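Letter 53 of the first sequence, counting from 1, is numbered 53 in our numbering, and no numbers are missing.
FYI, nobody ran anything at the bench for these hints, they're computed from the structure.
It cannot be assumed that every hint is accurate.
What the hints assert, rightly or not - Here are the simulated lysine-lysine pairs, BS3-like style, with alpha carbons at most 25 Å apart:
(1) K342 / K388
(2) K388 / K294
(3) K342 / K409
(4) K387 / K346
(5) K307 / K388
(6) K409 / K307
(7) K342 / K294
(8) K392 / K321
(9) K488 / K459
(10) K132 / K79
(11) K346 / K321
(12) K342 / K321
(13) K109 / K59
(14) K388 / K409
(15) K409 / K294
(16) K346 / K294
(17) K187 / K294
(18) K388 / K346
(19) K294 / K49
(20) K34 / K109
(21) K342 / K312
(22) K34 / K187
(23) K409 / K312
(24) K49 / K459
(25) K312 / K187
(26) K307 / K387
(27) K59 / K294
(28) K392 / K409
(29) K59 / K34
(30) K459 / K482
(31) K321 / K388
What the hints assert, rightly or not - Label-pair distances were calculated between CB atoms; the ranges are:
(32) Q255 / A81: 56 to 62 Å
(33) G340 / V38: 27 to 33 Å
(34) Y67 / L112: 54 to 60 Å
(35) R327 / R22: 53 to 59 Å
Predicted model only: the values in this text are computed from it and were never measured.
Every residue, glycine too, gets a C-beta built ideally from N, C-alpha and C.
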Amino acid sequence: MAEARITPRAQDYAQWYQDVIREAQLAEPAEVVKGCMVIRPHGYAIWEKMQADLDRRFKETGHQNAYFPLLIPLSFLAKEAQHVQGFAMECAVVTHAGLKAVDGKLELKNELEEPYVVRPTSETIIGHFFAKWIDSWRDLPLLINQWANVMRWELRTRLFLRTGEFLWQEGHTAHATHEESLAEVRKMLDVYRDFSHEIVAMPVIQGIKTANERFAGAVETYCIEAMMQDGKAIQAGTSHDLGQNFGRAFNVMFQSQSGEREHVWQTSWGMTTRMVGAMVMTHGDDDGVVIPPKLAPIHVVVVPIWKNDAEKTRVLEAAAKIAAELRDDGLSVRLDDREGVKPGAKYYEWERKGVPVRIELGPRDLDSNTVMIKRRVAPLGPDGRAKKETLKRDGLGVQIGNVLDEFQKFLFERALAFREANTVTVDGWADFEQVFADQGSKFAWAHWDGTTETELAIKEATRATIRCIPIAGQGPDTGQGKCVKTGKPSPQRVLFSKNY
RNA sequence: CGGGGCGUGGCGCAGCUUGGUAGCGCGUUUGGUUCGGGACCAAAAGGUCGGAGGUUCAAAUCCUCUCGCCCCGACCA
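Can you build the whole structure from these sequences, using the hints too?
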C-alpha cells in the first residue's frame, strides 16, 4: 500500500536534490577543489553504514581487503588499449615531485621521467601485482577487495552522483576458468541487488550493458539500475567480466593442473558514494531526505517538551531514561535537549535530516505513561502529514524496533510501486518519443535491433539510452519483436530511460 | 569547447531601464516574554556594490576590458 508520494516536479528536481542535500547537511561542493565535494559527518555516517554492510557481505563471500597505490604509472594505463581509451580524457596526472619558492612564488620542480595518473580505477595496478602473486592454479581464485578513493576529472559534476573524487569499493578477482569468473560476476551482482533491496530499500533491475555503455576493457558489464523520482535511471552498481583482457595485458599467468601456462580470468565490481545520492533521490520528499532505518545514523530522536522549570526537570529526566533504555535495545538515539529552540523547530530540523522515528515527550505523556511517536514517512493524516502514534511506555524498545522494520519495508514497497507505476511497455516510435518528450522520463521496455547505430539514433532523438539488457527474470517476458526505431527483428525487450 | 545567466553585509535577494551619497528578508548579538508543528517584541553589530580603467559635478547604476561562479549540452560510477 504505497502512498502517492510527494514528488517534486521534474524541472525542479535538480534544484530540489541540491537543496535537500545541503539542508540535511550531507555534503557540499568543495569550492576550493572544483568538481569535488566535502562529505559532512551526517552524510559520511550513512556511507559508513553502507560500507559496514557491504564489507560483511564481501567477507561472507570469501573476499579479503587489501590496498593498492593511489598513483599509477602512466605506462600501466596504456597496456590495455580499450581501457586507456575509456579513461584517458578524465585522468588527473602527476608530473612533478616538488616545489621551489622563487621570488615568493612557487614553481614546479623535479619533473618526473614517467608521470603518474591518479587512479580512476585500479585494474591496471592490481593486474600488475596479481601477476606477481599468481603462479599456480593453487593461488586461484584470488578474491580481493579495496576500499579507496578514485578520481575522474569530470566535465560536469553533481553532489554524490558524479564528483571529481569519490569513495568506493572495488573488487578484483582472478580465476582459473571463464565459467568460474562469470559465476563470480553474477554472484557479486546479486550481492549488490540484495544490498540495494534490503539495506537501501531501493529496488533495482539487473542487466547487461550494451557494447556502447560497457566498461572500458571489459568483455561484459553487468549492472543494477534503479529509478529516481523524476523517472530517470541511475546505475547503482556494476560487475564486470574482464575475460582475459587484463590477464593478457599484465601477463597474469598460472600453471594449470595439467601443467599448461594460462592467462587468468578476471572480474571487477564496484559500488560508490553515489549510492548515498541514489538513496536521497529514491526516498526523499519536499520535507527533506528520508533515510531507511538500516542506514540511519540516528534511528530515533527524542524531543522533550516543557513549559516551566518543574516540567523541564521532570521531562528531561524521563527522556534521558527512555534514551538510555532504547540504546540498551540496540537503537541509535539522539536526545535533543537544546534550550531556546522550540519543539516545532526541532521537528523540522530532524525531518530534513531524515531521522526515521521521532519521539515527542511532554508532561501529558508522563502522566499517561505513554510516548508520542511519528514516522518520517507514513500514511498521511487529515493535516497532510504523517499521523502521530501513541505507544505504551513499557517495552518501548521492542515496539520501536518493529516500527523501524515496518518503515524499512514500507520504503522499499513504496519505491517499487513508484517504479512499476512509471514503467511502460512501448512498441510504436511515436509512443516511444512521447514517453521521453521534454523533461519526461520513465522506464520503457522496448525492442531494439541490437546495433550501436540504432542505440545512438534513439539517444539523439529522445535523450533516452539503453540502461540494460535484462538478465533472465528481470524484464517483461515477451519474446521476439520488432525494433521500436528501425522495425528490424529483436530477440527481447531492453530497458530504455534517461539517466544520471 | 558551444548556448544562456549571475557577481551588492555571513546566506538569499531588491535597486541598474531613466546616475544623486545603499535597502529588504534570513541569520548573528543583547534583553524580555514564550515553548505539544519552523515564536514574538525591542535594541544592536555587520557592505570600499567581483576587479581595473573610462564618461560625469556625481557611478552599484552608463561604456570598455578583466576575473570568478552557476545552469544547459558533449563525457561519465
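Structure-based check of each hint:
| no. | hint | in the structure |
| --- | --- | --- |
| 1 | K342 / K388 | 18 Å, holds |
| 2 | K388 / K294 | 22 Å, holds |
| 3 | K342 / K409 | 32 Å, violated |
| 4 | K387 / K346 | 17 Å, holds |
| 5 | K307 / K388 | 21 Å, holds |
| 6 | K409 / K307 | 37 Å, violated |
| 7 | K342 / K294 | 29 Å, violated |
| 8 | K392 / K321 | 15 Å, holds |
| 9 | K488 / K459 | 18 Å, holds |
| 10 | K132 / K79 | 16 Å, holds |
| 11 | K346 / K321 | 20 Å, holds |
| 12 | K342 / K321 | 22 Å, holds |
| 13 | K109 / K59 | 44 Å, violated |
| 14 | K388 / K409 | 19 Å, holds |
| 15 | K409 / K294 | 11 Å, holds |
| 16 | K346 / K294 | 23 Å, holds |
| 17 | K187 / K294 | 22 Å, holds |
| 18 | K388 / K346 | 16 Å, holds |
| 19 | K294 / K49 | 8 Å, holds |
| 20 | K34 / K109 | 24 Å, holds |
| 21 | K342 / K312 | 13 Å, holds |
| 22 | K34 / K187 | 37 Å, violated |
| 23 | K409 / K312 | 36 Å, violated |
| 24 | K49 / K459 | 37 Å, violated |
| 25 | K312 / K187 | 55 Å, violated |
| 26 | K307 / K387 | 24 Å, holds |
| 27 | K59 / K294 | 19 Å, holds |
| 28 | K392 / K409 | 23 Å, holds |
| 29 | K59 / K34 | 36 Å, violated |
| 30 | K459 / K482 | 18 Å, holds |
| 31 | K321 / K388 | 22 Å, holds |
| 32 | Q255 / A81: 56 to 62 Å | 27 Å, violated |
| 33 | G340 / V38: 27 to 33 Å | 28 Å, holds |
| 34 | Y67 / L112: 54 to 60 Å | 23 Å, violated |
| 35 | R327 / R22: 53 to 59 Å | 30 Å, violated |
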